[in-house]
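> Next come the chains, spelled out residue by residue.
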Amino acid sequence: MSGRRVIDLEFISAVLAGAGPLPGRPFAKGRSPMTEAYVYDAVRTPRGKGKADGSLHEITPVSLATQVLSAVRDRNEIDAGEIEDVAFGVVSPVGEQGAVVTRTAILNADYPETTSGIQVNRFCASGLEAVNVAAAKVKAGEADLTIGGGVEAMSRVPMGSDGGAWPTDPATAFKTYFVPQGVSADLIATKYGLTRDDVDAYAVESQKRAAKSWEEKRFEKSIMPVRDVAGEVVLDHDETVRANTDMQSLGALQPSFAAMGENFGFDAVALQKYADLEAINHVHHAGNSSGIVDGAAAVLIGNEEAGKRTGMKPRARIRAMASVGSEPTIMLTGPEFAAKKVLAKAGMDKKDIDLWELNEAFASVVLRFMQALDIDHSDINVNGGAIAMGHPLGATGAMIFGTMVDELERSGKETALVTLCIGAGMGTATIIERV
Amino acid sequence: MTYETFSVEVDADGIALVTIDLPGQSMNVWNAQLMDEFERWVDDFVANDAVKGAVLASGKKSGFMAGADLRMLSGAQEDNALGSFEQAFRLNSMLRKMETGGHPAKALTKGAASAKPVAAALEGLALGGGLELVLATHYRVVADNKKIQLGLPESQVGLLPGGGGTQRLPRLAGLQNAAMMITTGKPADPATAKAQNFVDEIVPAGETIAKAKEWVKANPKVTAPWDKKGFKFPGGGGAMDPRSVQFFMAANAMAQQQSQHNYPAIQAILSCLYEGSIVNFDTAIRIETKYFSNLLAGPVARNMIRTLFVNKQSAEKGGARPEGIEKQDIKTVGVLGAGLMGSGIAHVTVKGGMNVIVLDRDEEAASKAIDYSKKILDKRVSRGKMTKEAAEEFLSKIKPTTDYNDLKDVDLIIEAVFEDPDIKADVIKKTEAVIGEDIIFASNTSTLPITGLAKNSSRPEQFIGMHFFSPVDKMPLLEIIPGEKSGDKALATALDYNAKIRKTPIVVKDVRGFYTNRIVPPYINEAMLMVKEGVKPALIENAAKSLGMPIGPLALTDETSLSLGWMLVNSTKKELGDDYKPTGVEDLLELMVEKLGRHGRKSGGGFYEYPEGAKKHLWAGLAEHFPLADNQPSLEEAKERLLYAQLIPAALCFAEDVVFDPESADLGAIFGWGFAPWTGGPMSHIDTIGAEAFVRTADALAQKYGERFHPPQKFRDMASSGETVYKAA
Chain S
1 MSGRRVIDLE
11 FISAVLAGAG
21 PLPGRPFAKG
31 RSPMTEAYVY
41 DAVRTPRGKG
51 KADGSLHEIT
61 PVSLATQVLS
71 AVRDRNEIDA
81 GEIEDVAFGV
91 VSPVGEQGAV
101 VTRTAILNAD
111 YPETTSGIQV
121 NRFCASGLEA
131 VNVAAAKVKA
141 GEADLTIGGG
151 VEAMSRVPMG
161 SDGGAWPTDP
171 ATAFKTYFVP
181 QGVSADLIAT
191 KYGLTRDDVD
201 AYAVESQKRA
211 AKSWEEKRFE
221 KSIMPVRDVA
231 GEVVLDHDET
241 VRANTDMQSL
251 GALQPSFAAM
261 GENFGFDAVA
271 LQKYADLEAI
281 NHVHHAGNSS
291 GIVDGAAAVL
301 IGNEEAGKRT
311 GMKPRARIRA
321 MASVGSEPTI
331 MLTGPEFAAK
341 KVLAKAGMDK
351 KDIDLWELNE
361 AFASVVLRFM
371 QALDIDHSDI
381 NVNGGAIAMG
391 HPLGATGAMI
401 FGTMVDELER
411 SGKETALVTL
421 CIGAGMGTAT
431 IIERV
Chain L
1001 MTYETFSVEV
1011 DADGIALVTI
1021 DLPGQSMNVW
1031 NAQLMDEFER
1041 WVDDFVANDA
1051 VKGAVLASGK
1061 KSGFMAGADL
1071 RMLSGAQEDN
1081 ALGSFEQAFR
1091 LNSMLRKMET
1101 GGHPAKALTK
1111 GAASAKPVAA
1121 ALEGLALGGG
1131 LELVLATHYR
1141 VVADNKKIQL
1151 GLPESQVGLL
1161 PGGGGTQRLP
1171 RLAGLQNAAM
1181 MITTGKPADP
1191 ATAKAQNFVD
1201 EIVPAGETIA
1211 KAKEWVKANP
1221 KVTAPWDKKG
1231 FKFPGGGGAM
1241 DPRSVQFFMA
1251 ANAMAQQQSQ
1261 HNYPAIQAIL
1271 SCLYEGSIVN
1281 FDTAIRIETK
1291 YFSNLLAGPV
1301 ARNMIRTLFV
1311 NKQSAEKGGA
1321 RPEGIEKQDI
1331 KTVGVLGAGL
1341 MGSGIAHVTV
1351 KGGMNVIVLD
1361 RDEEAASKAI
1371 DYSKKILDKR
1381 VSRGKMTKEA
1391 AEEFLSKIKP
1401 TTDYNDLKDV
1411 DLIIEAVFED
1421 PDIKADVIKK
1431 TEAVIGEDII
1441 FASNTSTLPI
1451 TGLAKNSSRP
1461 EQFIGMHFFS
1471 PVDKMPLLEI
1481 IPGEKSGDKA
1491 LATALDYNAK
1501 IRKTPIVVKD
1511 VRGFYTNRIV
1521 PPYINEAMLM
1531 VKEGVKPALI
1541 ENAAKSLGMP
1551 IGPLALTDET
1561 SLSLGWMLVN
1571 STKKELGDDY
1581 KPTGVEDLLE
1591 LMVEKLGRHG
1601 RKSGGGFYEY
1611 PEGAKKHLWA
1621 GLAEHFPLAD
1631 NQPSLEEAKE
1641 RLLYAQLIPA
1651 ALCFAEDVVF
1661 DPESADLGAI
1671 FGWGFAPWTG
1681 GPMSHIDTIG
1691 AEAFVRTADA
1701 LAQKYGERFH
1711 PPQKFRDMAS
1721 SGETVYKAA
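Residue numbers (this note's numbering), protein chains in the order written: chain S, 1 to 435; chain L, 1001 to 1729.
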């Protein structure tokens, strides 16, 4: 198997670094320089509609984070003191999601004070990046057992609450030809010839798949109902799935980004960079874009010994991870390049991937990815995605990662590639392998 | 202490009236002397306990003060005199001292100190640095006259208001109002300024000084709002306020849409607003000065100031007028022909304060001139911009006639009949038979050589060409074409007439197409050649817009019509016979016009489709006739090709003395066919590029696309000598 190469690299890097012990040979404390990172568990909350009438609106983000952290500890019956570090993605880390909400949640969940916490932000891929950070710490030998995850209560801390220089500071907005993501998504559709029918058909299928997955209880392993302060369950299912969505109901929706693009100059800015296009075809609307929701997720990651010590069985191995920057105006084409990069890092070919999971930020993002890598729709986002179930920004990456762990086990398949498109033109991807 | 640029009178209450009145100038401006003296006055004012406050006023009827003396700035650029930060910061520094009374901001904020009150009394306009002085006072009183302009127009010459304008205006009027006013450079009237909080009081004309003094007397201790504790921007906090975030996102995009990344001042202004709203006032004005100095040191402001201000003004003042000829008093103009051009000429002539007698074949035809003006005036009346009476008076100054005898007392003839040499010959003879012997005869033509037309005149020294552009009431350029025998008086009269209708005039040589029409055809031909090569039409159009052209070349062709292009091909072929040089787009024009019936916007569509009630869009069928090439040029390549398609013929015109100086070449380009204003015109742009790089790029393009891109020898010489067009001229 091509996995051999990883070992070779470990060997070379160890020798180059002048590290005494060879791979496989124990260090003083019995650890090799590049350790395997295994997935021991994945937990997520259901996703609540991200508005004032959403079921999770009354739940604080720190409570959402606390509940998934508690669940990881409790369902695996481990001593939380074994968990050395927790990385959580948060995209708007201000207000009640500020001040390193991860550490607050650790203390709130009654983890011992020795467990440290970090908050990471890679926009929409924050949850996956947090998983990668947690895995990297294990691989690097910094920690034996970690958690990567994320939280975003979008109904309480609205998207964009953290401001930022990029779109606002004239120096950077001009330099980067900033346009909002919706215009970028429509630009992708225009540039790659995706019609309104194409994106709507994709959205209908996403809803169907999500509904079917719930019917068949495909998310059962990971879903952890959210409880209120009285201890009552307030939500035990993804709230925004609409099984009866069809082309006709979507056809009635007005494009969401046309007015913004045409009246506020964003279309013109996009065309200044994509000068071979005459106009932007605005095809996206609320029904074929990801929903705004609240939620949290956590993935338990550790090396082999941590599993043995705590009596847990690994469910998957994290084979490779990669992040990449891409053209920031079209912004959302990064997954193509992240996927290619992570495949190269893993020494794999796209044929080696059984399941693909790309966050459904917008339908065109997934359709373009399928086009670029020649991926069949039946192999990607098999259980539906954010168009149906929503995209709780900081948590999504960890949620869809968990979805793939579950799905590999359910389907008996071997490998999955998880990736997300990211603001300002980036992509993050991770390859996992069932063990 | 005495000053030459202003007087100071201290009244019994200890209030100083500072009346700015620059000697020998019709308008107050910030020049070196006023800077020196005002700085001295501020020092004295804050130190002198006997003076309790001040009122700033103007001794000029023309207004309070226009901006900085752009010639001074222009000179500073050449001499690099604004090198140091302290020099550039001087105006900000003295205004801030006046505003704070010389106290540190901290002391003012704590309430431990206050400034002496200064109020501005405006009976007339305050623009640019003039308004910045006003904004730095503590109270602004303006006369009740809606014609008074209050504005910061610096962006129109590639600069930003560098005397605190980008900081005080947003703190008074809010970020959005300030951004609109400063990026567009458009002035506000007193009522708008009051509504936007940067004027405090509007009083009857003549009472501003008294009211300002009243306020100063009543407010002996003052502090600017931004020096007070808890100051907040009107309508939202600083740049990080959620409301401001949305505003800046949209403003950044709209500014890019408008400026196409060609005008560094636009981004610099928004940056001053953005960064300045995050920090305290003293830091903010230092940031402003740094952005200002960057702009002043760059080529865009230099070129814009030179062409759009200095040279434009000089041309409009009759810079090309021969000396020693008495100013012609033109009261009545005879316009021959009441077609589109004649009617437009009649309109601008009346607008310029003259009477018009319009002659045409029959009464119905002649009265079309009145219909033409009426249509324009009706719109103005309905929009409340003109009274009905004024409109009627306007129309009464246009007299249609069919009788040549009615022309006998006119002061100038402008002929605008059909572009046919025989018809023109006929009216020239008939008109000269009745008009005074010393009356100048101007012929409006875009195609016929003046020297040839002048052969029909019995007084060729009084015969001259005037090329108006359509629509005459909108297009700003006038090409004046002396024929071989035209005398100085003819040219002087044409320029005197132009001064009244307020166009930008250039004097050009009597050659086919004069100046502008020697450049526009090769430029749009280049675009059509690109279509033939299979370059995506959207890329062609976007490349031109990216250069800063107001409209894409294919859209422009649709406007002027493909049939006109096809007609010109045929007439030129007929005229030149074997000497005709094919342009390479004959077949495209023939296909579009003859076979496909696509004549342009008005008939059948052209490169674009014009669906009813919807936006025009490129005609998809074009790709069937001209399949898209697999390899498309990059945006930069497309831009360069369209740019040089204009630069090369302009350089040829300059080299061959079709225009006599680079100033005219630049003005004619910007005001004639909308050549990118940020460049300052093609000659300025060649200087910016550098003759050597210009020649190198042109040679490379010639190799790739054909000899039409070969640069003229004069420019090769400049490249080797290291000279610039402006220095060589």
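Since the hints were derived computationally from the structure, they do not count as laboratory data. Errors might be hidden in some of the hints.
[Stated by the list, open to error] The list that follows gives simulated cross-link-like pairs (lysine-lysine, DSSO-like), each with its CA atoms no further than 27 Å apart:
#1 L:K1106 - L:K1375
#2 S:K208 - S:K341
#3 L:K1368 - S:K175
#4 L:K1368 - L:K1397
#5 L:K1317 - L:K1290
#6 L:K1474 - L:K1455
#7 L:K1455 - L:K1574
#8 L:K1615 - S:K273
#9 L:K1368 - S:K273
#10 S:K175 - L:K1290
#11 L:K1110 - L:K1186
#12 S:K191 - L:K1106
#13 L:K1368 - L:K1327
#14 S:K413 - S:K217
#15 L:K1616 - S:K191
#16 L:K1229 - S:K191
#17 L:K1388 - S:K191
#18 L:K1408 - L:K1485
#19 L:K1532 - L:K1595
#20 L:K1290 - L:K1368
#21 L:K1455 - L:K1489
#22 L:K1232 - S:K273
#23 L:K1106 - L:K1317
#24 L:K1474 - L:K1375
#25 L:K1368 - L:K1146
#26 L:K1375 - L:K1615
#27 L:K1532 - S:K273
#28 S:K341 - S:K413
#29 L:K1110 - L:K1097
#30 L:K1375 - L:K1351
#31 L:K1290 - L:K1351
#32 L:K1474 - L:K1616
#33 S:K273 - L:K1408
[Stated by the list, open to error] From the derived model, a few chain L residues whose C-beta atoms are all more than 12 Å from chain S:
#34 K1232
#35 D1241
#36 K1536
#37 P1537
#38 K1545
#39 D1579
#40 K1615
Where a beta carbon is used, it is the ideal one built from N, C-alpha and C, also for glycine.
> Of the numbered hints stated earlier in the document, which are not met by this structure?
Per hint list: 1, 2, 3, 5, 6, 9, 11, 12, 13, 16, 17, 20, 22, 23, 25, 31, 33, 35, 36, 37, 38 and 40 violated.
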